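**Q** Listed below, chain by chain, are the residues.
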Amino acid sequence: DAKTTQPTSMDCAEGRAANLPCNHSTISGNEYVYWYRQIHSQGPQYIIHGLKNNETNEMASLIITEDRKSSTLILPHATLRDTAVYYCIVFTGTASKLTFGTGTRLQVTL
Amino acid sequence: ETGVTQSPTHLIKTRGQQVTLRCSSQSGHNTVSWYQQALGQGPQFIFQYYREEENGRGNFPPRFSGLQFPNYSSELNVNALELDDSALYLCASSFRDYYNEQFFGPGTRLTVL
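Chains as they are written, first to last, in my numbering: chain E, 637 to 746; chain G, -10 to 102.
The set of hints was computed from the structure by calculation and includes no laboratory data. Remember, it's a predicted structure, so these values are computed and weren't measured experimentally. Just to be clear, a hint being listed does not mean it is correct.
[Stated by the list, open to error] Computed beta-carbon distance windows for the label pairs:
1) E:T644 / G:F58: 37 to 43 Å
2) E:A649 / G:F49: 28 to 34 Å
3) G:E43 / E:N655: 37 to 43 Å
4) E:K639 / G:R40: 28 to 34 Å
5) G:I1 / E:E702: 48 to 54 Å
6) G:E43 / E:N693: 28 to 34 Å
7) E:S661 / G:Q6: 40 to 46 Å
8) G:S54 / E:T728: 23 to 29 Å
9) G:R46 / E:P643: 27 to 33 Å
[As the list claims (entries may be wrong)] If you want the footprint, here are the derived chain E segments under chain G, 3+ residues with CB under 8 Å:
10) 673 to 683
11) 691 to 703
Every residue, glycine too, gets a C-beta built ideally from N, C-alpha and C.
Using the sequences and the hints given, assemble the complete structure.
**A** This is how it looks when you write it as C-alpha cells:
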C-alpha cells in the first residue's frame, strides 16, 4: 500500500471549513483514497473515499489532485464534535488491510 | 441495520493468561478484520477472515489467532498474554465481494497486568 503523509495536528474555529491535506505521491492507479476519523477512545469511522474524481457526501468533501499525488478532506462547517484524529489511507478495494499512519489530530475550538 | 458490536468493552488480565474477544459483524457483511491500537498510535492490522478462512495477516505472532463463524461473527484469541498486548482491539466488518470499505466496532480495551 502507498504511504501517506499528513500534518500531525491542526486547529479550526467552529463554523469554519476544516481543510485536511494528505500527500500520497506513490499511489498506484488502482488505489483509492479513504478517509476515516477516530473520536477519542472510539472505533474509526468511515468518512469518504474516492479514486480520481472529487467526491461529496453528507459528512465531507474529498478533493483529489489531477495527478492523484495528494488530496484534501474538507469539513465545510466544523463543529466541536468534529474534534478527532483523521486518517488518510490509500489501498486497493480488494486488499485485506487498512494501513493507518499517525493521522492528523484536528482540534475544533469555539 | 445493526452496526458492528464487540464484547467485552473492557477487560483486565494478568501476564501469561489467555483472552477471547468477540465481534458481531454488520448485517450483510462477510468479512471481518481485527486491529490492535496501542495508546497514541494508529490501528495495526492483525488479520482478516473471509468466509471463515484467514485472508491476510499482519506482523503478529501465532499466539494471536482467530475464528469466523458461519454467521460471520468472529473471535480473536490471544495466548500467553504479555504486557505489550495492552491495547484497544478493534474489529471491522466489510462486504469483500463488492469493495472492502470497513466499518469498525467500538473496540475492546484490554489491560494486561
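**Q** Now look at each hint and say whether the structure bears it out.
**A** Outcome of the hint check:
Distance hint for T644 of chain E and F58 of chain G: a CB-CB separation of about 40 Å, consistent with the stated range 37 to 43 Å. The hinted window of 28 to 34 Å between A649 of chain E and F49 of chain G is violated, with their beta carbons roughly 41 Å apart. Separated by about 40 Å at the C-beta atoms, E43 of chain G and N655 of chain E satisfy the suggested range of 37 to 43 Å. Separated by about 30 Å at the C-beta atoms, K639 of chain E and R40 of chain G satisfy the suggested range of 28 to 34 Å.
Between I1 of chain G and E702 of chain E the C-beta distance comes to about 52 Å, which sits within the given range of 48 to 54 Å. A C-beta distance of roughly 33 Å is found between E43 of chain G and N693 of chain E, which places it inside the suggested range of 28 to 34 Å. Taking the beta carbon of each, S661 of chain E and Q6 of chain G are about 45 Å apart, inside 40 to 46 Å as hinted. Look at S54 of chain G against T728 of chain E: about 26 Å separates their beta carbons, and that is inside 23 to 29 Å.
Take R46 of chain G and P643 of chain E: their Cβ atoms lie about 31 Å apart, and the range 27 to 33 Å holds. Under the rule that three or more residues need a Cβ within less than 8 Å of chain G, the assignment of the stretch 673 to 683 of chain E holds, with 6 such residues. Taking a C-beta to C-beta cut-off of 8 Å, the stretch 691 to 703 of chain E contributes 0 residues in contact with chain G, too few for the three needed, and the coverage statement is violated.
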